[in-house]
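J.: Given the coordinates of chain S, assemble chain C onto it according to the supplied hints.
Below, each chain spelled out in residue letters.
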Amino acid sequence: MPTKSAAKGKYESRDEDKVFSEAERAAVAATARERKAAAGRSPEQERAEGLKDLRESIAKMPADDRAMAERIHEVVSQAAPALVPKTYYGMPAYATEGKNGKVIGFFKPKSKFKVRYSTVGFQPDARLDDGDMWPTEFAVINLTPQVEKRIAELMKKAAS
Amino acid sequence: MPGLTDEEKAAARETVRERKRQAKQGANREAGLKDVLGKIAEMPKSDRVMAERIHAIVLETAPDLMPKTWYGMPAYANKDGKLICFFTAADKFKSRYATFGFEENAKLDDGTMWATSFALTNLTADDEKRIAALVKKAVG
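In the order they appear, the protein sequences are chains S and C. Just so you know, we're using our numbering here: the first sequence kicks off at -13 and counts up by one. Just so you know, we're using our numbering here: the second sequence kicks off at 190 and counts up by one.
Next comes chain S alone, as it looks inside the complex:
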């Protein structure tokens, strides 16, 4: 019966509003917007719009996260220029080219879920395989030249 299922749907979404944190709800809303916006774009549009989304996402961050995100964006763009910038759950991310571009890596600012460190993470399409156990996400508390080099190498390998 449609009336019953509609009522249940409403009840559940009210429930979800109470149970999920503001940060969680914001991430979900961002994802829904990203997926809707990405449909029907050409590869050129995808890159241009993705870069715009990424820059907007960075601009909204608190100063320390923003500085790190900007620098990481430079590092990644240089290390793996073929990757397409975009946002992923509202975070700066880098994906393979093409219609069904897969996210390779992302930057999760510490302000997003109010934790003590930001992370650079990789998705299953990243080729970081090393034996049967390898790191896929890294806490980053400060960007030293060494850390930048490590991130560049990881992103390059991930996109290879």
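By construction, these hints were calculated from the structure, which means they are not laboratory data. Even glycine gets a Cβ: it sits at the ideal position worked out from N, Cα and C. Check each hint, because a few of them may be wrong.
Unchecked claim - Here are a few chain C residues that sit away from chain S, every Cβ distance over 10 Å (derived from the structure):
1) Lys213
2) Gly215
3) Glu219
4) Ala251
5) Lys268
6) Ala304
7) Ala321
8) Lys325
What the hints assert, rightly or not - In silico lysine-lysine, DSS-like type, Cα no more than 25 Å apart, as pairs:
9) C/Lys213 x C/Lys271
10) C/Lys234 x S/Lys98
11) S/Lys4 x C/Lys198
12) C/Lys283 x S/Lys85
T.: Using the frame of chain S, we list chain C on its own:
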């Protein structure tokens, strides 16, 4: 929540149930253990074997950690209820690997950059040792 896949919607609904249940249970080791074992039992075989082994390693290495589910995944919290580590089955997001991850209260700090999450395609004796060492350091 529009714009989400069926799997994501199911995960969100499950998390609602999980948080309500946990709010009622409080910090209850038996209830948390039951939830975790129940989740492991539902996994496909390859994930299940790995999850069972990791569960045993975590509790042998850090017996004070409390098992609980987190977004439907087997997870382990410290005595203050802060999550330390968790296991994501490969099947959960249809990935080519499972992951073992750590949260911010894990004391894995090493300089200005350190690994917090690991892909697992298999669990060798060496991997088990590495996981035990990570868990030990995380609660140290």
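J.: Would you mind marking each hint as holding or not holding in the structure?
T.: Verification of the hints:
Even its closest Cβ contact with chain S, about 13 Å, leaves lysine 213 of chain C beyond 10 Å, as expected for a residue assigned away from the interface. At roughly 17 Å from the closest C-beta of chain S, the C-beta of glycine 215 of chain C stays outside 10 Å, upholding its exclusion from the interface. At the 10 Å boundary, the C-beta of glutamate 219 of chain C stays outside the reach of chain S, the nearest C-beta of that chain being 23 Å off. In this structure alanine 251 of chain C is separated from chain S by more than 10 Å, as the shortest Cβ-Cβ distance comes to about 19 Å.
Against chain S, the non-interface label of lysine 268 of chain C holds: every CB pair exceeds 10 Å, the least being about 19 Å. Annotated as non-interface, alanine 304 of chain C brings its C-beta within 10 Å of a C-beta of chain S; the closest such distance is 3 Å. A cut-off of 10 Å between C-beta atoms confirms that alanine 321 of chain C is not in contact with chain S; the least separation is 13 Å. The beta carbon of lysine 325 of chain C is kept farther than 10 Å from every beta carbon of chain S, the shortest such distance being approximately 16 Å.
Of the supplied pair hints, the one linking lysine 213 of chain C and lysine 271 of chain C holds, its CA atoms being roughly 17 Å apart against a limit of 25 Å. Taking the CA atoms of lysine 234 of chain C and lysine 98 of chain S, the gap is near 35 Å; set against the 25 Å cutoff, the hint is violated. At roughly 16 Å between alpha-carbon atoms, lysine 4 of chain S and lysine 198 of chain C fall within 25 Å of each other, so this suggested pair holds. A distance of roughly 20 Å separates the Cα atoms of lysine 283 of chain C and lysine 85 of chain S; the hinted pair therefore holds under the 25 Å criterion.
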